[in-house]
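Given these sequences and hints, build the entire structure.
Protein chains: 2
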Amino acid sequence: MSAITRTVSILGVTGSIGRSTVDVIEQARAQGGAISVEAITAGQNIAALAEACRRLRPRFAAVADAAQINEVRAALSGLDVEVGAGASALEEAGARPADWVMSAIVGAAGLAPTLAAVRRGAAVAIANKECLICAGPLMLRAAAESGAKLLPVDSEHNAIFQVLTHPAHVERLTLTASGGPFRTWTLEAMAAARPDQAVAHPNWSMGAKISVDSATLMNKGLELIEASYLFEMPEERIGVLIHPQSIVHSLVHYEDGSVLGQLSSPDMRTPIAHALAWPERIAVSTNRLDLAEIGGLTFAQPDLRRFPALGLAREALRAGPARVAALSAANEIAVEAFLGGRIRFLDISRIVEEAMAALEGTEAGLIAKTPSSFGEVAAVDQAAREAARRIAGSLAAA
Amino acid sequence: MSAITRTVSILGVTGSIGRSTVDVIEQARAQGGAISVEAITAGQNIAALAEACRRLRPRFAAVADAAQINEVRAALSGLDVEVGAGASALEEAGARPADWVMSAIVGAAGLAPTLAAVRRGAAVAIANKECLICAGPLMLRAAAESGAKLLPVDSEHNAIFQVLTHPAHVERLTLTASGGPFRTWTLEAMAAARPDQAVAHPNWSMGAKISVDSATLMNKGLELIEASYLFEMPEERIGVLIHPQSIVHSLVHYEDGSVLGQLSSPDMRTPIAHALAWPERIAVSTNRLDLAEIGGLTFAQPDLRRFPALGLAREALRAGPARVAALSAANEIAVEAFLGGRIRFLDISRIVEEAMAALEGTEAGLIAKTPSSFGEVAAVDQAAREAARRIAGSLAAA
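Line by line, the protein sequences are chains A and B. Residue numbers for the first sequence follow the working numbering, beginning at 1 and rising by one. Residue numbers for the second sequence follow the working numbering, beginning at 1001 and rising by one.
A portion of the hints provided could be inaccurate.
[Said to hold, decoys possible] Now the stretches of chain A that chain B is said to cover, found in silico as 3 or more residues with beta-carbon under 8 Å:
| # | stretch |
| --- | --- |
| 1 | 118-132 |
| 2 | 158-165 |
| 3 | 253-267 |
| 4 | 270-279 |
| 5 | 326-337 |
[Stated by the list, open to error] Short, incomplete list of chain A residues facing chain B, as computed with Cβ under 8 Å:
| # | residue |
| --- | --- |
| 6 | 106 |
| 7 | 241 |
| 8 | 295 |
| 9 | 297 |
| 10 | 298 |
Just so you know, the hints here were simulated from the structure itself, not pulled from any lab data. C-beta atoms are modelled at their ideal positions from N, C-alpha and C, and glycine is treated no differently.
Now the structure itself:
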């Protein structure tokens, strides 16, 4: 064991990743780590933000909604913390001087605060999907310019990052996928799958949207895109392997025939601790992996006929960043329609596919361009959502 | 791909590891690697030595037997190579100025040439078991003094070495073991096992002695000892896991819950290429790992009742280096007696156990000491062989 010294901020401290980050920081402090906290943010849960302030003693705390400013002030009074509210306060949280920033705000609200941290050259732990899916090239360019280090927290990307000892000698990457709740279902059964069946993820407990993405494998498709951006690896050199036990989190294949992998019990504190301590390591208490107890690990090729989302994601990656942002936006609308009971499970990928085709027709100029600002990303996002809503509406009416 | 520059020597060029090393060197040269060969050695196979000289163009070539000097001269005439024969010539091969030395001479004959390479601070790829089992502390001390780097070539140790990114943060190591041909046999069936059944290794083609060691799991016990020396890890922090597919070659468990492993198809060219290119990597043609094709990997705790050799090795490691050398020597005699049809399979471990007990009685002083020279190792070795022969004789007569 060795102690680390860090000044950290946590963007999104009250969600699942944020709470695990607080746990890891407290464990690091208990080992003698000198971790001071610059800023933390929350969405709407002011009670949880106040609790985090009591545990972490940050200098600055912010909530997303500007209208909550007085409520936050009241809840945090006596805690000796500066208080902010609204989009500019979230951005300030990212901009304030922390060496290490956890980017765990869910959704598009995470983009500006994360970019603020990246622009000043911090080590930024990326748990927010939108940062790479909607704005990957923007983030990477900003990181290259400022010298910021992007530390992936997703278990798959963190696994690759842990064993990427020789980036110049990689032959290919393999992302593992649990296969989701419909791994063994027939196409016919999947056609009739209900939302409650789709959100029952076998290995991880997650929100409804990401659970459905895991059921369609769109989640893995989006992770494939993130891996391509993060590790500068072309689409055709990233494979996906169905691995229902979720123990081998991903693999790096080297040109000498060696395949390096990271394994662990499913526990997000492991990748968070890895990102926090990087380039060192710290001890963190988790359920330790016991392969003899698990007994067997299995692997299979994904079935692209039953899980077309994976193919759609590969196409979007090949087509470019605007198409990727459009894919993600159309998928959000389709999943929402499925969770709302308006369309069937297999319609999700169908809507995404048709929305992409529609944009290629009506918005070809927009889709061909690499967005150079959040404004351009937002325009693509908007067009994709409209197309997806239109298609979902016609399917629901049919 | 990138090209490496090395001056190399190969101690034991005609055996399985030596031949694979030649193959890897030729592949590295084909990629533009500037690899010149200083010295190569052979046991008795002069034709194979001549063939290696034609392929590698070394400056010096030696055979083990001094009496073969004229024969070697004749075979290598016209190849523009200095020629030597006998123990001093082998040692000279290790002493000559190569940056990188493959130590692949089988048995005790490899000790002096390897030590010569270690003493002058070379990077030494260790494929010879005796270097660590009989003289581990000696080799490690010499390496520490000269700055030599020991590069493990055994697939298990090489796997650990590849993922030992944070040595100060390791919780424990796991060596994987195929379980050998008797993995699923009952104790009763093992009692009646014949030599031809013991040498039928499921995954690797190896010599008879090491195949029997794989059947008793003594091989894994010896590897556990080597791992303890090489990675400075106490016995109780090294586990053994039965993994019949021999795909995951070993694992390093970190204090953050991450377990890093190296996987590959069974092909010694991978660890040899890793050692040759270290700290870089080079491309080498092997059967690439396809986990979807393999389908499943299984893991189980070893059964110490059926495989007592593993416990004997742990005891020897705890007792110290002289006991380790004695264990290995007694095991050689016992395996020889089994292969000669004079004792039964389960007698192998029994002989080793009883030989250790006998030495604790009659040679307690010798066994308690850490050998500080090859002479002291040889005395322990001699005493252990005598004790084992005596016990094997009485079992054979019974």
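Worksheet item: Does residue 241 of chain A meet its interface restraint, that is, does its C-beta lie within less than 8 Å of any C-beta in chain B?
Response: 6 Å, holds
Practice prompt. Answer holds if the nearest beta-carbon of chain B is closer than 8 Å to that of residue 298 of chain A; otherwise answer violated.
Written response: 5 Å, holds
Worksheet entry | chain B over the stretch 326-337 of chain A, status - at least 3 residues with CB closer than 8 Å | violated (count 0)
Worksheet entry | When the least beta-carbon distance from residue 106 of chain A to chain B is tested against 8 Å, hint result | Since the shortest Cβ distance to chain B is 24 Å, the answer is violated.
Fill in: Whether chain B covers the stretch 270-279 of chain A (at least 3 residues having a Cβ closer than 8 Å to its Cβ atoms)
Per the Cβ count (4), the hint holds.
Discussion item. Would the hint on residue 297 of chain A be counted as holding, given a Cβ-Cβ threshold of 8 Å to chain B?
Written reply: 5 Å, holds
Discussion item. Min Cβ distance, residue 295 of chain A to chain B: is it shorter than 8 Å?
Written reply: 6 Å, holds
Worksheet item: Holds or violated: the stretch 158-165 of chain A covered by chain B, criterion of 3 or more residues with Cβ-Cβ distance under 8 Å?
Response: holds (count 3)
Worksheet item: Checking C-beta pairs, does the stretch 253-267 of chain A have three or more residues closer than 8 Å to chain B?
Response: holds (count 14)
Discussion item. For the stretch 118-132 of chain A, count the residues whose Cβ lies under 8 Å from any Cβ of chain B; is that count three or more?
Written reply: Violated: only 0 residues of the stretch 118-132 of chain A have a Cβ under 8 Å from chain B.
Violated hints, in rising order: 1, 5 and 6; the structure is consistent with all others.
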